[in-house]
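Asker: Residue-level listing of the chains:
Protein chains: 2
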Amino acid sequence: MEWTTEKRYLPYSKWGADTLLHLQAQAATSTYQMRYHLRPISGLVNDPNGFSYFNGEYHVFYQSYPFGAVHGLKSWVHFKSKDLVHWVNLGLAVEPDCKLDSHGAYSGSAKQIGDKLFLMYTGNHRDESWTRHPYQIGAWMDKHGTVSDKHLLFKKPNNVTEHFRDPQIMEENGTYYAILGAQDAAQKHGHIDVWKSSDLKNWEEIDFLNFTNHEMGYMIECPNLVKVDGKSVLIFCPQGLDKSVANYQNIYPNMYVIGDSVDLDKAQMTNPSNLKNLDEGFDIYATQAFNAPDGTAYAISWVGLPDISYPTDNENWANCLSHVKKLSIKDGKLIQQPVESIKTLRHNEEDLNSQLIKNSTSGQYELELTIKENQTGNLYLAANDDLSENLRLEFDTKNGKLILDRSKAGDVAVKYGQTRSVELDANKEVKLDIFVDRSLIEIFVNDGEHVVSGRFFANANNAIKFDQKINYDGKFWNMESIM
Amino acid sequence: MEWTTEKRYLPYSKWGADTLLHLQAQAATSTYQMRYHLRPISGLVNDPNGFSYFNGEYHVFYQSYPFGAVHGLKSWVHFKSKDLVHWVNLGLAVEPDCKLDSHGAYSGSAKQIGDKLFLMYTGNHRDESWTRHPYQIGAWMDKHGTVSDKHLLFKKPNNVTEHFRDPQIMEENGTYYAILGAQDAAQKHGHIDVWKSSDLKNWEEIDFLNFTNHEMGYMIECPNLVKVDGKSVLIFCPQGLDKSVANYQNIYPNMYVIGDSVDLDKAQMTNPSNLKNLDEGFDIYATQAFNAPDGTAYAISWVGLPDISYPTDNENWANCLSHVKKLSIKDGKLIQQPVESIKTLRHNEEDLNSQLIKNSTSGQYELELTIKENQTGNLYLAANDDLSENLRLEFDTKNGKLILDRSKAGDVAVKYGQTRSVELDANKEVKLDIFVDRSLIEIFVNDGEHVVSGRFFANANNAIKFDQKINYDGKFWNMESIM
Chain A
1 MEWTTEKRYL PYSKWGADTL LHLQAQAATS TYQMRYHLRP ISGLVNDPNG
51 FSYFNGEYHV FYQSYPFGAV HGLKSWVHFK SKDLVHWVNL GLAVEPDCKL
101 DSHGAYSGSA KQIGDKLFLM YTGNHRDESW TRHPYQIGAW MDKHGTVSDK
151 HLLFKKPNNV TEHFRDPQIM EENGTYYAIL GAQDAAQKHG HIDVWKSSDL
201 KNWEEIDFLN FTNHEMGYMI ECPNLVKVDG KSVLIFCPQG LDKSVANYQN
251 IYPNMYVIGD SVDLDKAQMT NPSNLKNLDE GFDIYATQAF NAPDGTAYAI
301 SWVGLPDISY PTDNENWANC LSHVKKLSIK DGKLIQQPVE SIKTLRHNEE
351 DLNSQLIKNS TSGQYELELT IKENQTGNLY LAANDDLSEN LRLEFDTKNG
401 KLILDRSKAG DVAVKYGQTR SVELDANKEV KLDIFVDRSL IEIFVNDGEH
451 VVSGRFFANA NNAIKFDQKI NYDGKFWNME SIM
Chain B
1 MEWTTEKRYL PYSKWGADTL LHLQAQAATS TYQMRYHLRP ISGLVNDPNG
51 FSYFNGEYHV FYQSYPFGAV HGLKSWVHFK SKDLVHWVNL GLAVEPDCKL
101 DSHGAYSGSA KQIGDKLFLM YTGNHRDESW TRHPYQIGAW MDKHGTVSDK
151 HLLFKKPNNV TEHFRDPQIM EENGTYYAIL GAQDAAQKHG HIDVWKSSDL
201 KNWEEIDFLN FTNHEMGYMI ECPNLVKVDG KSVLIFCPQG LDKSVANYQN
251 IYPNMYVIGD SVDLDKAQMT NPSNLKNLDE GFDIYATQAF NAPDGTAYAI
301 SWVGLPDISY PTDNENWANC LSHVKKLSIK DGKLIQQPVE SIKTLRHNEE
351 DLNSQLIKNS TSGQYELELT IKENQTGNLY LAANDDLSEN LRLEFDTKNG
401 KLILDRSKAG DVAVKYGQTR SVELDANKEV KLDIFVDRSL IEIFVNDGEH
451 VVSGRFFANA NNAIKFDQKI NYDGKFWNME SIM
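Chains A and B, in that order, give the protein sequences.
For the first sequence, the UniProt record's numbering gives the first residue as 1, with consecutive numbering after it.
For the second sequence, the UniProt record's numbering gives the first residue as 1, with consecutive numbering after it.
One or more hints might be untrue.
To be verified - Here are the simulated lysine-lysine pairs, BS3-like style, with alpha carbons at most 25 Å apart: (1) B:K465 with B:K372; (2) A:K82 with B:K358; (3) A:K343 with B:K343; (4) A:K343 with B:K82; (5) A:K150 with A:K116; (6) A:K111 with A:K227; (7) B:K14 with A:K14; (8) B:K475 with A:K82; (9) B:K231 with B:K330; (10) A:K111 with A:K155; (11) B:K343 with A:K82; (12) B:K231 with A:K343; (13) A:K143 with B:K358; (14) B:K343 with A:K475; (15) A:K408 with A:K428; (16) A:K358 with B:K143; (17) B:K372 with B:K398; (18) B:K82 with A:K358; (19) B:K82 with A:K82; (20) B:K398 with B:K465; (21) A:K7 with A:K116; (22) A:K7 with B:K14; (23) A:K14 with A:K150; (24) A:K188 with A:K276; (25) B:K7 with A:K14; (26) A:K431 with A:K333; (27) B:K330 with A:K475.
Hint data in this document are derived by calculation from the structure and do not stem from the laboratory.
Make a model of the complete structure from these sequences and hints.
Answerer: Written as structure tokens, this is what we have:
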């Protein structure tokens, strides 16, 4: 089937319910499908949206195109949770049903205001000449999950191009602020644009946020600002960033900067750090973070990248969301840890001590390994007998290095490299908390000092083994399905 | 919206995907929706189908009409589980897509044969004069959940009317048998018809099963035969049964008979007991049971009744499935217990000892109470402050009686009575294991000697309280959501 523009923007009402039911069953029954992560009900998933705490529960939405593995007409699908691990699927929440979002209810954020959840997002409208108009939209969701009162908050100002989107709504001392990804009209560089409002109705632009002296490529998407242990952490996705500014291998990186503080009224970050990759693996993008009422900062990411094909495209579905990560700062570095309640998914705990770790697995597990110092070797996951297929984790606790290699685990984004490496302290043991969910791996290194995530596609083979005698401590758990 | 016959039998392809997405969201967000039971993704759910063990996991399907709370064009939706508690939704599995099941893929069963799951079900076909033709269909499901090779097994014989359906497939000593619900053509009474086949292709009728001397009303639906602790247990739904044969209050009962054995070749049950109600509550029907490979008999029920309206009909969805129950026999009586793994849903255990048990709950909990002997009183669930709304449980451990009263918890099937009562031993404490899931209650009395299930619709009020000082032991758990 050819995905013409017309087909991608066909209204949902023009698709048959039988087609949707078949697509939902196809996504559900795929051997690659995730079982304890938020995954597509059908079609394509991208950015997490509206990650928030409301009415006593956590909420997250994701960008959804229900009819195939393409970036077609987008809507928001809604999930809620008491513990950030077990999610209830509440279905379609924001759909492209008015002129403001006629060509997609694009990404945005959410914040409880009064007894409702205020949604702020970008409506994508194309006019008759197919010119894109990004409208920043407000809407209200009640505690039953019903979204109403969609209204225009502001159009793009003249100093930016049509690439103006992904508002994050915040409140400080009674004033509302929003930061948006933008491309300036003059030089076509990436920026984060700061806006303010006293009443959520009248909005004024402040300025581009000053957080770096470098050019930020040609666009920044999905900016998020959170408070973490007294610091301000800015998470964002620069596109076209020069690799001399900050090195990366993915087509587009998801980066962060830590500053002492941010003065939104002056659009100024104080004492910003250099840019760093949020995740040192393959597929993390569009991370959304927020501060819960108790101040804790949580982040969730799209596991998938723009402009990249994935093997499940042939099965008419693609991508998923990451686990929720709790953010903290230690010795000036951002630490990302899985939330504590992830442990409630564990069952059938096994102590590992034999050389061949596991001959087969369900493909749905957690593996906690401490590899002692001064050792080099390879750990093979999703391996078959002759190792012609595997996901390889190379470790060197002498010189301090960890490499994830997916070259024998399906072909994904091969031109952007099939390995990712992490620098560790030399002569020190390394602790790895590895979550595998059929075609997704998330590795938390040394209690979240590094995170290495990625998709892989060799999951018919589920042995786990070292290539030589290794001194290590290990535990293994099967992980429960959540949906 | 009026549900004309034409509308109810409209092909799924004629419904818009937007309508289905809205219906799915409406069912998911309803305050009455179940969270730890199998529930409608949209529309109406009825009979469990194909309850089986296959490829190392448990499988169950349910009858689904996705477009509203009516008995329209039916399909099968598929779920699988490792523990009979946490289910993965695999979506639409058997759809009405050929002449044989053009007006509904109706109920049936499943059994692993070789490396596939054999499905045997009733295809509902209406001809041009709207005459119903029940076709018994075979199909094969592979381990990826793909159903193929639908084919006719047999048509109705002349000795039965068009009411001939719900085959349960079994195997004994290399021969396949099926039992079906039937109405005989001569007297229009309910029967269970026994068939056999050596090759799953050529089938011959044996006879109506001889398991009672009484007339079984005008029809029997959903017959199931399982081995339990060396006995044969026959579970079935007689319609129009005379209440002098066995008393019941629901519009149609779900009953069982225990025999020493069944000789299928002779269509004869040896030493059958009297008929008894499987559940002593309000809404249990179409129970399906099977013997797992280790011999354990498990049962799961439709919680819903034919020809009854429910308050959520206005929300375009209706009904759910019960928990899976493990069957055993003690002192000649059938015992039904929740499966052990239900305990993995428990969290936040509380010992109860105050008079006012809980001022509020999530509406999603388990309550284990032992009420000491020689006491009478009332326990109110889902209660508001002035008790104008509540689900009342009256107990008398002196004379031995338990009454469930839903007269102040929404209007459901009022003409069939708003209370159900259970006879207990006099002067003995009673143990109650109560599961509440928003609008569903399942009470296991004295470790499964009695089960009292029902829907109720007062769940905006979630206090639990006694009406007087009661001597009891109790525990309370919040229960996790499963989907």
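Asker: Take the hints in turn and mark each one as holding or not.
Answerer: Outcome of the hint check:
1. B:K465 with B:K372: 16 Å, holds
2. A:K82 with B:K358: 20 Å, holds
3. A:K343 with B:K343: The hint holds at about 16 Å.
4. A:K343 with B:K82: 18 Å, holds
5. A:K150 with A:K116: 14 Å, holds
6. A:K111 with A:K227: 15 Å, holds
7. B:K14 with A:K14: 10 Å, holds
8. B:K475 with A:K82: 21 Å, holds
9. B:K231 with B:K330: Holds - the C-alpha atoms of B:K330 and B:K231 are around 11 Å apart, at most 25 Å.
10. A:K111 with A:K155: 21 Å, holds
11. B:K343 with A:K82: Given pair B:K343, A:K82 holds - Cα atoms ~19 Å apart, limit 25 Å.
12. B:K231 with A:K343: Status violated; Cα separation ~42 Å.
13. A:K143 with B:K358: 23 Å, holds
14. B:K343 with A:K475: OK: B:K343 and A:K475 at ~24 Å, within 25 Å.
15. A:K408 with A:K428: 29 Å, violated
16. A:K358 with B:K143: Answer holds: A:K358 to B:K143 is near 23 Å, not above 25 Å.
17. B:K372 with B:K398: Given pair B:K372, B:K398 holds - Cα atoms ~9 Å apart, limit 25 Å.
18. B:K82 with A:K358: 20 Å, holds
19. B:K82 with A:K82: Holds, at roughly 24 Å.
20. B:K398 with B:K465: 20 Å, holds
21. A:K7 with A:K116: 35 Å, violated
22. A:K7 with B:K14: 18 Å, holds
23. A:K14 with A:K150: The given pair, whose Cα atoms are some 23 Å apart, holds under the 25 Å limit.
24. A:K188 with A:K276: The hint holds at about 23 Å.
25. B:K7 with A:K14: 18 Å, holds
26. A:K431 with A:K333: 17 Å, holds
27. B:K330 with A:K475: Roughly 42 Å separates the two Cα atoms, so the pair is violated.
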